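Novice: Please put together the full structure from these sequences, using the hints given.
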Amino acid sequence: MPHTLALIALLPLVGFLFNGFFATALGRHRANERAAGIIGSAFPIAAFALTIKAFLDLQAGGFAPIVEPLYRWALIGTSSFEIAFYFDRLSAIMTLVVTGVGSVIHIYSTGYMHGDKSFGRFFAYLNLFLFFMLLLVLGRSMLVLFVGWEGVGLASYLLIGFWFDDLTNAKAGRKAFITNRIGDAGFLLGMFLLYRAFGTLDMDTINSAFLSGTGAALLVPASLVGLLLFVGATGKSAQIPLYVWLPDAMAGPTPVSALIHAATMVTAGVYLTARMSGIYMMAPEASQVIAIVGVLTAFFAATVALVQTDIKKVLAYSTVSQLGFMFLALGVGAYGVAIFHVVTHAFFKACLFLGAGSVIHALGGEQDIRKMGGLRSKIPLTFWTFAIATAAIAGIPGLAGFFSKDEILWYAFASAKGGAPWLWGMAALTALMTAFYMFRLLWLTFMGASRMSHEVEHHVHESPISMTGVLMLLALLSAGGGYIAIPHFLEAQIPLPPIVESLEHYEHTLLYVSIVLAFAGLGLAVFMFGGPASRPEGIKQAMLPIHRLLSGKYFVDELYERVIVKPLAWFSEVVLLRGSDKMLLDGSLNGLASLAQRTAGLLGRAQTGSLHLYALLVMVGIVGALLWSWRHV
Amino acid sequence: MSEFTMGPMLLNLVLWLPIVGVALVLLLARANDGLARTIAAAVMTVQFALATVLYLQFDATAAGLQFATQLPWIAQWGVSYLIGLDGFNILLVVLTAFLGPIVVLGAWTSIKKDVPLFHVMVLVLQFAMMGAFVAQDLFLFYLFWEAMLIPMFLIIGMWGGARRVYATLKFVLYTAFGSILMLAAVIYLVQSMQQSSGVMSFAFADLYQTQLPLSVQTILLGAFALSFAIKVPMVPLHTWLPDAHVEAPTAGSVILAGVLLKMGTYGFMKLGFPLFPDAARAFTPLLMTLAVISIVYGACLALVQTDIKKIIAYSSISHLGYVMLGLLSLELVGIQGAIIQMVSHGIVAAGLFLLVGMIYDRCHSRELAEYGGLARLLPVYSVFFMIFTLASVGLPTTSGFTGEFLALMGAFTAAWPAHLDGNNLPLVLASVAVTGVVLGAMYMLRFALTFLFGAVKAPHHSPDHPLLDLSLREKSILGLLTIAVFALGLFPDGALQKTELAAKSYQSLVTTSRTPAGSAGVTP
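Those protein sequence lines, which keep their order, are chains A and B. Residue numbering for the first sequence follows my numbering, beginning at 1 and increasing consecutively. Residue numbering for the second sequence follows my numbering, beginning at 1 and increasing consecutively.
You may find that some hints are simply not true.
[As the list claims (entries may be wrong)] Only pairs whose alpha carbons sit at most 30 Å apart, straight line, appear in this in silico DSSO-like list of lysine-lysine:
#1 540(A) x 553(A)
#2 582(A) x 310(B)
#3 371(A) x 553(A)
#4 171(A) x 113(B)
#5 566(A) x 582(A)
#6 457(B) x 117(A)
#7 53(A) x 117(A)
#8 310(B) x 117(A)
#9 310(B) x 113(B)
#10 582(A) x 112(B)
#11 371(A) x 117(A)
#12 310(B) x 566(A)
#13 171(A) x 112(B)
#14 371(A) x 540(A)
#15 540(A) x 117(A)
#16 112(B) x 457(B)
#17 113(B) x 504(B)
#18 171(A) x 371(A)
#19 310(B) x 457(B)
#20 171(A) x 417(A)
#21 112(B) x 504(B)
#22 566(A) x 475(B)
#23 117(A) x 582(A)
#24 475(B) x 310(B)
Hint data in this document are derived by calculation from the structure and do not stem from the laboratory. Note that the coordinates shown come from a computational prediction; the quantities given were computed from them, not determined experimentally.
Specialist: Structural data, given as structure tokens:
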């Protein structure tokens with residue numbers, strides 16, 4: 001097929017248009033709900049099937065990148081902005097994850113969203129998201145990537161505020177959009193610089209130009225471009241300082257949290273950085289900043305996750321933290337490892353979020369883990385899949401997260417491109433916290449005695465097969481996904497950084513340390529939450545100030561509110577509107593205006609005769625003047 | 001008759017059709033509201049159809065005027081009736097013609113007083129605006145420029161809101177002030193050309209040859225620029241605009257935002273900068289600073305408005321700042337972006353003002369705080385509202401993105417070499433301008449948040465008498481505008497090709513020095 005890649009992206013768009021036009025109005029009836037669900041899921045599944053075909057084509061061609069031009073968006077002078085798709089090892093992995101995980105989450109949603117009055121609208125938005133996400137990962141030019149980049153932001157905005165009758169949800173959506181826009185401003189500047197230097201935004205061209213270090217690449221400093229693009233990445237991928245939108249984004253329906261705010265969209269920044277690795281390989285300063293921001297984000301987000309009581313908030317901060325790990329890997333030049341973690345994280349975090357959704361579903365909307373407990377026997381499928389995914393993210397050996405996280409730790413320590421023991425130290429500590437807060441979540445939710453109200457407990461039920469089936473599939477991938485050797489697969493395209501020779505022999509030691517840390521986190525969590533409730537309470541009381549700081553999320557939202565939002569409103573309202581516009585500009589004109597107003601009042605009296613006559617006079621005047629001057633030629 | 005002789009006639013027809021419409025209304029429909037509306041709508045539709053034919057036949061590869069008509073008019077002054085299409089005006093002519101039927105259809109039910117007269121005014125205004133765009137003679141241009149003022153003044157003054165007298169006065173004072181200065185400059189310019197070359201002509205093409213010392217260029221550009229900057233409007237000459245918008249009927253706002261404001265930026269592009277290139281370049285830092293201030297200032301003020309019409313009004317100030325920025329970049333990509341941004345703003349602002357008008361027709365309030373949850377109440381309306389909001393925000397795939405992206409890219413592309421040469425002002429300005437994309441999202445999403453989401457709330461709405469969602473007429477108007485938004489967002493190439501030669505000629509006119517040889521003002 002000549003347009004396989006375009007078709008992959010466009011199929012979900014067709015689904016969006018279909019559900020957008022037809023199902024939104026009809027969604028309330030059961031038969032229509034089924035039709036909307038089938039159509040909404042069929043297009044992503046078809047896209048997944050086509051992606052497999054494209055992958056086989058790629059393989060058949062010896063993994064030489066496939067370029068598929070669609071049309072010319074604009075031609076300015078000699079520089080052409082082409083809408084073209086690009087399929088190589090990197091985009092193949094991303095596309096498989098996006099369409100694969102995307103498809104199963106659509107299927108899950110048919111069960112989860114059952115009975116929602118806007119069922120059709122939900123599937124329309126979800127398909128719209130997939131369309132833009134596929135543009136993002138398949139685009140050859142940064143322009144196409146950016147279209148997808150902003151488009152997924154739109155879909156995210158719409159889905160976070162999906163239940164918009166509650167203004168808090170809509171506000172969370174707005175916060176996500178605006179925070180992302182701040183990042184996008186940086187992204188735009190980076191793109192402009194690249195355009196200035198190359199007259200094109202095709203990423204393969206730009207990468208190879210930087211790597212060969214010739215010509216146009218010398219016109220712009222790689223580090224500046226790298227940092228500007230990274231500003232964009234901090235927005236989309238929720239890194240310090242722009243991560244604040246992601247925890248709030250949990251206001252959206254849980255499948256959205258799984259698909260957009262865990263598995264796919266938030267990894268777009270990681271993809272961008274890996275995709276532009278040609279720039280970052282030439283920009284050690286920018287890479288260092290990325291590693292530091294990544295490890296700090298990982299660390300601080302993990303500390304916040306320690307004390308959260310909302311099941312989705314724990315997972316949200318965990319996502320921020322895990323994304324930090326990915327950026328740490330990118331910062332030390334281990335691009336393939338970062339993508340590896342993108343993939344395994346997509347499996348186990350999607351599984352966790354969907355599991356959380358199943359719990360919330362079972363409990364009729366309850367999200368507070370203090371009001372859960374003892375769910376293990378009541379919803380066993382959800383429990384087991386959730387437990388496997390928890391073990392995977394915690395780094396229990398043999399499961400997916402163990403492999404990818406361990407590689408990140410190793411390169412953070414030993415990469416010759418910016419690895420450092422302190423990076424490893426912070427990351428290892430974060431890994432310990434990860435294991436702790438995840439097992440805490442598992443224990444508080446599923447183990448021990450029930451803390452549910454009688455009413456809620458009475459109604460607890462296992463989710464339908466459409467949901468549990470997906471959970472089992474994702475649990476399987478969370479368990480086995482680590483055996484797909486993605487760094488190795490990508491190495492042919494993006495080489496892994498060399499290891500500092502003197503550190504090579506530490507590899508096994510560090511491996512054992514990570515295993516110990518994972519089990520230590522598990523043990524600590526079981527010790528604290530497996531025993532009497534007084535135990536965690538006592539520790540909380542002993543460290544109350546710290547607990548308050550952490551559960552207050554370091555009060556960063558409050559800080560931004562006070563330092564940015566309020567001053568901007570004050571400046572606009574008081575300085576610009578009242579001071580400049582009304583007092584200075586209008587005030588100085590007031591004298592003149594009032595004078596003229598009096599004159600106009602007099603003239604107005606003469607005007608009230610016949611309005612038609614007046615209009616006619618205007619016309620006659622204009623036409624007459626033209627005719628008169630004509631004769632005088 | 002071959003296409004080549006058909007062409008000029010077609011353009012004349014496009015220009016004069018509204019006057020035919022005026023005659024028809026005055027002759028046949030002076031007392032018949034329905035017929036007056038129908039005549040106006042029919043005339044505007046035919047005009048748009050003919051303008052589309054012109055657009056399609058316009059040869060993107062030919063330099064100079066197309067479909068031109070030149071008739072001697074006042075020979076002793078060198079004035080002629082010279083009209084024609086080129087890359088500068090082709091898109092704006094199509095835009096003006098496109099908005100014509102939309103304005104008439106949009107006002108279909110909301111104008112109830114003096115309906116025939118209203119349509120006479122709209123048609124006269126359409127004629128004058130079209131004339132100002134197609135005129136290729138400065139005298140003719142000035143006539144049309146002035147002629148626009150009267151019908152606009154009457155539309156606001158007669159069909160406007162409670163404070164319409166104040167608003168019209170402010171509007172007239174500002175624009176008349178600018179016009180008088182421009183008139184003086186026009187006379188001086190033609191005089192001095194006659195003195196230096198012996199030729200007396202008002203034709204743009206001749207005036208582009210004039211050589212003037214920098215000092216004279218500066219004064220003349222000052223006069224032109226003041227007049228144009230008021231129309232754009234650029235901060236600090238903008239305060240007439242919010243008042244005019246608030247008091248104008250919906251149709252007035254649509255014309256004002258859709259076409260009239262573009263007169264200012266078009267004036268800069270077609271006259272101000274190319275006529276006085278050396279002064280233009282000398283004043284670029286100042287003008288660029290004002291453009292960026294306009295972007296930020298307009299956006300900040302849009303952020304704190306409580307009147308929904310004022311939000312859109314201030315957003316216009318911000319969006320036209322990008323046009324100025326692109327034009328001043330003197331980079332091809334920026335100039336092209338500026339042209340697209342003009343058209344895009346015309347479409348998007350028209351859509352937003354129509355949406356505001358539609359809700360005003362139902363609820364009779366412009367107070368943002370009185371609304372909420374419209375997405376639940378009026379789903380179709382809300383979908384359109386969201387589309388135009390996103391276009392205003394400049395989301396990719398919409399026309400707003402094409403314009404802003406290319407204009408900002410131009411500003412940045414020009415700023416980087418300047419930065420390498422040690423001049424950091426353009427870089428700082430371009431970077432500040434980029435914050436406009438954040439502020440734009442802030443004020444539009446604040447609007448959308450309160451308006452569409454949360455608990456259902458609207459004046460004159462009750463469960464017994466719920467508000468009605470869009471009628472077929474309203475859906476059709478917004479549907480047409482939506483198509484235009486995505487056409488220019490997804491496939492701007494065709495339009496860009498039509499304007500490319502003009503953008504290049506603008507670039508070369510403004511970058512080539514035209515001070516007389518030997519005078520002190522020669523730039524190397």
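Novice: Next, verify each hint and record whether it holds.
Specialist: Hint by hint, here is what the structure shows:
1. 540(A) x 553(A): 16 Å, holds
2. 582(A) x 310(B): 14 Å, holds
3. 371(A) x 553(A): Holds. Residue 371(A) to residue 553(A) sits at ~21 Å (cutoff 30 Å).
4. 171(A) x 113(B): 42 Å, violated
5. 566(A) x 582(A): Judged against 30 Å, a Cα distance of about 21 Å means the pair holds.
6. 457(B) x 117(A): Since the Cα atoms of residue 457(B) and residue 117(A) sit roughly 20 Å apart, the hinted pair holds (cutoff 30 Å).
7. 53(A) x 117(A): Violated: residue 53(A) and residue 117(A) sit about 37 Å apart, past 30 Å.
8. 310(B) x 117(A): Violated: residue 310(B) and residue 117(A) sit about 35 Å apart, past 30 Å.
9. 310(B) x 113(B): 24 Å, holds
10. 582(A) x 112(B): With a Cα-Cα distance of about 33 Å, the restraint between residue 582(A) and residue 112(B) is violated, given a limit of 30 Å.
11. 371(A) x 117(A): 28 Å, holds
12. 310(B) x 566(A): Holds: residue 310(B) and residue 566(A) sit about 21 Å apart, inside 30 Å.
13. 171(A) x 112(B): Judged against 30 Å, a Cα distance of about 39 Å means the pair is violated.
14. 371(A) x 540(A): The hint holds at about 18 Å.
15. 540(A) x 117(A): 42 Å, violated
16. 112(B) x 457(B): Holds, at roughly 27 Å.
17. 113(B) x 504(B): 47 Å, violated
18. 171(A) x 371(A): The hint holds at about 26 Å.
19. 310(B) x 457(B): Holds - the C-alpha atoms of residue 457(B) and residue 310(B) are around 20 Å apart, at most 30 Å.
20. 171(A) x 417(A): 41 Å, violated
21. 112(B) x 504(B): 47 Å, violated
22. 566(A) x 475(B): 39 Å, violated
23. 117(A) x 582(A): Status violated; Cα separation ~47 Å.
24. 475(B) x 310(B): 24 Å, holds
Hints 4, 7, 8, 10, 13, 15, 17, 20, 21, 22 and 23, counting from the list given before, are not met by this structure.
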